[in-house]
Amino acid sequence: MQALSPDPTTLRTVTTTERIPAVEGWFTTSEPYTLIGAKCTGCGTVVFPPRSGSCPSPDCDGTELEPTPLSRKGKVWSYTENHYAPPPPYVAAEPFEPYALAAVELEAEGIVILGQVATGVMAADLSIGQEVEVDLQVLYCDDEGVDHWIWTWAPSAPKGSA
Amino acid sequence: MQALSPDPTTLRTVTTTERIPAVEGWFTTSEPYTLIGAKCTGCGTVVFPPRSGSCPSPDCDGTELEPTPLSRKGKVWSYTENHYAPPPPYVAAEPFEPYALAAVELEAEGIVILGQVATGVMAADLSIGQEVEVDLQVLYCDDEGVDHWIWTWAPSAPKGSA
Amino acid sequence: MATERDLVVLGAGMHPWGKWGKNFVDYGLVAAKAALADADVAWRDIEFVAGADTIRNGYPGFVAGSTFSQAMGWTGAQISSSYAACASGAQAMQSARAQILAGFADVAMVIGADTTPKGFFAPVGGERKEDPDWQRFHLLGATNPAFFALNARRRIDVFGDTVEDFALVKVKNSKAGVANPNARFRKEFTLDDFAGSPIVSDPLRLLDICATSDGAAAVIICTPEYAMKKLGTLQGAVRIRAVSNTTPTYPQVRLELPDIATDSNAVVQAPVRGFKDSIAYNAYEQAGLGPEDVSCAEVYDLSTALELDWYENLGFCPEGEGARLVRDGVTALGGAKPVNASGGLASFGEAIPAQAIAQVCELTWQLQGRSDGHQVENAKVGLAINQGLFGHGSCTILSV
Amino acid sequence: MATERDLVVLGAGMHPWGKWGKNFVDYGLVAAKAALADADVAWRDIEFVAGADTIRNGYPGFVAGSTFSQAMGWTGAQISSSYAACASGAQAMQSARAQILAGFADVAMVIGADTTPKGFFAPVGGERKEDPDWQRFHLLGATNPAFFALNARRRIDVFGDTVEDFALVKVKNSKAGVANPNARFRKEFTLDDFAGSPIVSDPLRLLDICATSDGAAAVIICTPEYAMKKLGTLQGAVRIRAVSNTTPTYPQVRLELPDIATDSNAVVQAPVRGFKDSIAYNAYEQAGLGPEDVSCAEVYDLSTALELDWYENLGFCPEGEGARLVRDGVTALGGAKPVNASGGLASFGEAIPAQAIAQVCELTWQLQGRSDGHQVENAKVGLAINQGLFGHGSCTILSV
Ligand SMILES: [Zn+2]
Ligand SMILES: [Zn+2]
Numbered sequence: 001m002q003a004l005s006p007d008p009t010t011l012r013t014v015t016t017t018e019r020i021p022a023v024e025g026w027f028t029t030s031e032p033y034t035l036i037g038a039k040c041t042g043c044g045t046v047v048f049p050p051r052s053g054s055c056p057s058p059d060c061d062g063t064e065l066e067p068t069p070l071s072r073k074g075k076v077w078s079y080t081e082n083h084y085a086p087p088p089p090y091v092a093a094e095p096f097e098p099y100a101l102a103a104v105e106l107e108a109e110g111i112v113i114l115g116q117v118a119t120g121v122m123a124a125d126l127s128i129g130q131e132v133e134v135d136l137q138v139l140y141c142d143d144e145g146v147d148h149w150i151w152t153w154a155p156s157a158p159k160g161s162a
Numbered sequence: 001m002q003a004l005s006p007d008p009t010t011l012r013t014v015t016t017t018e019r020i021p022a023v024e025g026w027f028t029t030s031e032p033y034t035l036i037g038a039k040c041t042g043c044g045t046v047v048f049p050p051r052s053g054s055c056p057s058p059d060c061d062g063t064e065l066e067p068t069p070l071s072r073k074g075k076v077w078s079y080t081e082n083h084y085a086p087p088p089p090y091v092a093a094e095p096f097e098p099y100a101l102a103a104v105e106l107e108a109e110g111i112v113i114l115g116q117v118a119t120g121v122m123a124a125d126l127s128i129g130q131e132v133e134v135d136l137q138v139l140y141c142d143d144e145g146v147d148h149w150i151w152t153w154a155p156s157a158p159k160g161s162a
Numbered sequence: 001m002a003t004e005r006d007l008v009v010l011g012a013g014m015h016p017w018g019k020w021g022k023n024f025v026d027y028g029l030v031a032a033k034a035a036l037a038d039a040d041v042a043w044r045d046i047e048f049v050a051g052a053d054t055i056r057n058g059y060p061g062f063v064a065g066s067t068f069s070q071a072m073g074w075t076g077a078q079i080s081s082s083y084a085a086c087a088s089g090a091q092a093m094q095s096a097r098a099q100i101l102a103g104f105a106d107v108a109m110v111i112g113a114d115t116t117p118k119g120f121f122a123p124v125g126g127e128r129k130e131d132p133d134w135q136r137f138h139l140l141g142a143t144n145p146a147f148f149a150l151n152a153r154r155r156i157d158v159f160g161d162t163v164e165d166f167a168l169v170k171v172k173n174s175k176a177g178v179a180n181p182n183a184r185f186r187k188e189f190t191l192d193d194f195a196g197s198p199i200v201s202d203p204l205r206l207l208d209i210c211a212t213s214d215g216a217a218a219v220i221i222c223t224p225e226y227a228m229k230k231l232g233t234l235q236g237a238v239r240i241r242a243v244s245n246t247t248p249t250y251p252q253v254r255l256e257l258p259d260i261a262t263d264s265n266a267v268v269q270a271p272v273r274g275f276k277d278s279i280a281y282n283a284y285e286q287a288g289l290g291p292e293d294v295s296c297a298e299v300y301d302l303s304t305a306l307e308l309d310w311y312e313n314l315g316f317c318p319e320g321e322g323a324r325l326v327r328d329g330v331t332a333l334g335g336a337k338p339v340n341a342s343g344g345l346a347s348f349g350e351a352i353p354a355q356a357i358a359q360v361c362e363l364t365w366q367l368q369g370r371s372d373g374h375q376v377e378n379a380k381v382g383l384a385i386n387q388g389l390f391g392h393g394s395c396t397i398l399s400v
Numbered sequence: 001m002a003t004e005r006d007l008v009v010l011g012a013g014m015h016p017w018g019k020w021g022k023n024f025v026d027y028g029l030v031a032a033k034a035a036l037a038d039a040d041v042a043w044r045d046i047e048f049v050a051g052a053d054t055i056r057n058g059y060p061g062f063v064a065g066s067t068f069s070q071a072m073g074w075t076g077a078q079i080s081s082s083y084a085a086c087a088s089g090a091q092a093m094q095s096a097r098a099q100i101l102a103g104f105a106d107v108a109m110v111i112g113a114d115t116t117p118k119g120f121f122a123p124v125g126g127e128r129k130e131d132p133d134w135q136r137f138h139l140l141g142a143t144n145p146a147f148f149a150l151n152a153r154r155r156i157d158v159f160g161d162t163v164e165d166f167a168l169v170k171v172k173n174s175k176a177g178v179a180n181p182n183a184r185f186r187k188e189f190t191l192d193d194f195a196g197s198p199i200v201s202d203p204l205r206l207l208d209i210c211a212t213s214d215g216a217a218a219v220i221i222c223t224p225e226y227a228m229k230k231l232g233t234l235q236g237a238v239r240i241r242a243v244s245n246t247t248p249t250y251p252q253v254r255l256e257l258p259d260i261a262t263d264s265n266a267v268v269q270a271p272v273r274g275f276k277d278s279i280a281y282n283a284y285e286q287a288g289l290g291p292e293d294v295s296c297a298e299v300y301d302l303s304t305a306l307e308l309d310w311y312e313n314l315g316f317c318p319e320g321e322g323a324r325l326v327r328d329g330v331t332a333l334g335g336a337k338p339v340n341a342s343g344g345l346a347s348f349g350e351a352i353p354a355q356a357i358a359q360v361c362e363l364t365w366q367l368q369g370r371s372d373g374h375q376v377e378n379a380k381v382g383l384a385i386n387q388g389l390f391g392h393g394s395c396t397i398l399s400v
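Chains as they are written, first to last, in the numbering used here: chain A, 1 to 162; chain B, 1 to 162; chain C, 1 to 400; chain D, 1 to 400.
Mixed in with the good hints, there may be bad ones.
DEER-style ranges, computed between Cβ atoms [stated by the list, open to error]:
hint	chain 1	residue 1	chain 2	residue 2	range
1	C	Lys22	B	Ile20	20 to 26 Å
2	C	Ala37	A	Pro98	48 to 54 Å
3	D	Gly373	B	Ile20	38 to 44 Å
In silico DSSO-like links for lysine-lysine, alpha-carbon gap of 27 Å or less [claimed, not checked]:
hint	chain 1	residue 1	chain 2	residue 2
4	D	Lys22	C	Lys129
5	C	Lys129	D	Lys337
6	D	Lys19	C	Lys129
7	D	Lys129	C	Lys22
8	D	Lys129	C	Lys33
9	D	Lys129	C	Lys19
10	D	Lys337	D	Lys380
Worth flagging that the hints you see were computed from the coordinates, not collected in a lab. No residue lacks a Cβ here, since even glycine has one placed at the ideal position from N, Cα and C.
Next up, chain A with everything else stripped away, as it sits in the complex (with noise of 0.2 Å):
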């Protein structure tokens, strides 16, 4: 049994370095960020959020699904701006900042998916159409002070730019 004992420095690391996500297995917490999708592996059709068991098309009796990186890039269909607290099990910072959130096309997916927008991005910064791409930010500190990471749509570096 002795092997099965992490190393506690390794395991020091790891918890300084690793990005707990707030759900488990709907995006990469590594570069390159990507949500990820399940893709079934009779019919090919892609879902977000991933899910196991069935594929979603009723013309498809596929029961299995296996994990698909969704594109990095989408353009915004639609977004707005949260002026007050949500409700839990939202867990809001206080005092409460606006923030925005923004539903985004992907296009080689032909899915929309909502999401946070980074950070101090607001809705005068958005616009229909706009290229966003895939960020991590910080949703949630716990009462064990461990972070809880969560995807993000962030305006995409403008061309030319770094």
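For chain A, the structure is supplied; the task is to place chains B, C and D with the ligands on it using the hints.
Frame of chain A, contents of chains B, C and D with the ligands only:
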């Protein structure tokens, strides 16, 4: 507004002598202990637990029900003994001690009412048809140390005794 | 023309909408007794009770059919308890309607009531990581108004609507609601009131979003034969021409509450008709009627902008032109297509399981010419439409 | 004789019962696909989906019809979501049956699935002082087994039953369940096992009380015309002769879960037939059949003693004589009136919204002669009965 402020002396007296019922309006908290039903002012039908707004009889349009004391004594219709602590919202003592429940028929009202049996009286002490009467005991003590009382079914004193 | 399959609304009753925090059963009893009185039917005669459930009131809310049956007094009737979020009332309607058409009952009660907490709707309690409704709150803080706002924003950026167009919906509905004794807010709002209304989910202000209310509604429905015996004639009887409980067709490519993502249209092509269009389409098909036949409509204005979407989904105008209808007064009381002559959710606030039944009550009274002060003239066909979370379509068409 | 109103069970499917704690939707999908395969019907062809709800799994559980429709892939079908506690499956059955008989669909799916916590059923969370289910737990600690025990004690003191009679029910059912691949507990219990079983609610021991399980069941039901096209003949087709969702008649004078008190019979006289008797009676009336016609029955043995009550409610013997039937082997596999040849809840444990549908699956297979190892010989008429909290009767009769 002065008149509405209670006299602190009176208040203290009340809080030390008054029994806080675990449920409001279902039983008297001073002797003689009785359950309190509701009686339709239209057809005279009685219902327990007490309710308002509508007579329970499908043939009566009555919407007025008034509180009515029920018979203090009844006959055991059936009984059981809980050997495991019921789940919340029951507030179980620790360690848990088995206790009995009895369903008791009130002849005049034609109602069978379930209740805890007085502490210490167990299934082996009960039999169907046996006479019991309403008593009170503490159901639980809350986080502020306040006792909450509940009605119980207690075997009537044998004839000839006090 | 109505056929013998078109059941009759024999009576309708409501408890006025408000915010008192009483037990939802108390409200329901008032509505039930009012509907029975309106129909002149004894409770004992009701053979089927279809309850629309509420999920925030413990066990009695989950079994609304049973709860109201017991509260009114057990009669041995057959019952059902239905839940479909905002469409619960329509699902209960269809439950009772099917039982009657299947021959299991001649007369039935459809009933829903709710009592609601303050503020935004929050998901039911507990940590439920696999519940999409829990996920959207926990991971994104995507409230109901946020979803309304995404659609409102599309209207502005794609169709050229303005926030003033949205406000006009509230102005119109609040004006109609002043005369409705069952409405909760009987105050006429003006465009000026909007400037002082705080933004909730940009571009929507507090005044753009409907409140949550307490309330109850009930209807008594029956076979034409039963109504004939009761009324002596079917002349002027309100007939149920359609009830549609349509679900989406895969892939559902419009982002809908409470989903975090749409289906993919990369492998399977999107259906010709989107979900919200299909709800009305199926009801029209069932009724053998079209948008041109509708005298008045009750639509869910959960947000002001949403009412404009419904105009288009109902075929009252082409996509993108909804704002014109409110600007031009077409959908106002006195216009060619009055919408929410009751005052709508703007005047009522939503009492979830009661609301779709309340729409039917309102239409019934409109078709009977009993809507004093907010009556649509010469109303012959009434339509109610809404949509519940998780793909629940709800559309009812009545006619005289 | 079956008539054209007697719909056909075209296919049945289950996910085996057990305790894995997975999402209830996963179980349901397995049952749905199994039922479709058994019926040889494509999912796209299902016109109506009737879901039986679960109230301990958040929003998806409240809208089971929608949840399974989406999980299988949205097809635009009409749907319903029903809740009636332990009778939810039967209410969903009746929902689909009525839709078909009313002409809104030719073929429908009825589906229920659950995943359950360990231990006694506790009420849903939160402090709900006006909810009778909350009250009975909070004020009395009156668990479900306590109610079962009150009835068991009556049997002992009034009818002369013994705890050994109760144990015989478990011995019988567990023996039948060994051969059932869908059962969770496939172990034969003996009377000796009871001595070591702890008392839960006197006089009932742990072995007398059914467990809570995960599981799922689905059936495909259709018009005789649809079945005829599919099968070429109705010979041997399993027909739905009755579904009863009966409620009590006031005054309900037998103490029933979760009530703290009965109704009063002081002013209004008790009805001739008690609630549980009326559930079966109404189903027999609907089917034009009687107890003498029943080949096999599936009854809710939530407790062993409760099965004996059902014998009497079903008219298999006069009141008070139920114990004789189990003592004499009348209700055993091979006896004259086999009850719970599936193994019953003793072998399954209860998966609330799935259980009444599972009863229909089991009866279907019995009537089709497909119950290897626990087959009732020459089964022609099958009956399933149970009762849900808050006055929900549930009885289904099938025949070939
Ligand atoms: Zn596939
Ligand atoms: Zn009365």
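Taking the hints in turn, this is what the structure says about them:
Our hint of 20 to 26 Å for C/Lys22 and B/Ile20 holds, since their Cβ atoms are close to 24 Å apart. Taking the beta carbon of each, C/Ala37 and A/Pro98 are about 50 Å apart, inside 48 to 54 Å as hinted. A hinted range of 38 to 44 Å is violated for the C-beta pair D/Gly373 and B/Ile20, which are about 59 Å apart. Between D/Lys22 and C/Lys129, the direct Cα distance comes to roughly 12 Å. Compliance with the 27 Å bound is thereby established for this hinted pair.
Proposed proximity of C/Lys129 and D/Lys337 is contradicted: the alpha carbons are some 46 Å apart, above 27 Å. For the suggested pair D/Lys19 and C/Lys129, the alpha carbons sit about 19 Å apart, so the restraint of at most 27 Å is met. As the CA atoms of D/Lys129 and C/Lys22 are separated by approximately 12 Å, the hinted pair is consistent with the 27 Å bound. Between the alpha carbons of D/Lys129 and C/Lys33 the distance comes to roughly 25 Å, so the proposed pair stays at or under 27 Å and holds.
A threshold of 27 Å between alpha carbons decides the hint, and for D/Lys129 with C/Lys19 the separation of about 19 Å falls inside it, so the pair holds. Of the supplied pair hints, the one linking D/Lys337 and D/Lys380 holds, its CA atoms being roughly 12 Å apart against a limit of 27 Å.
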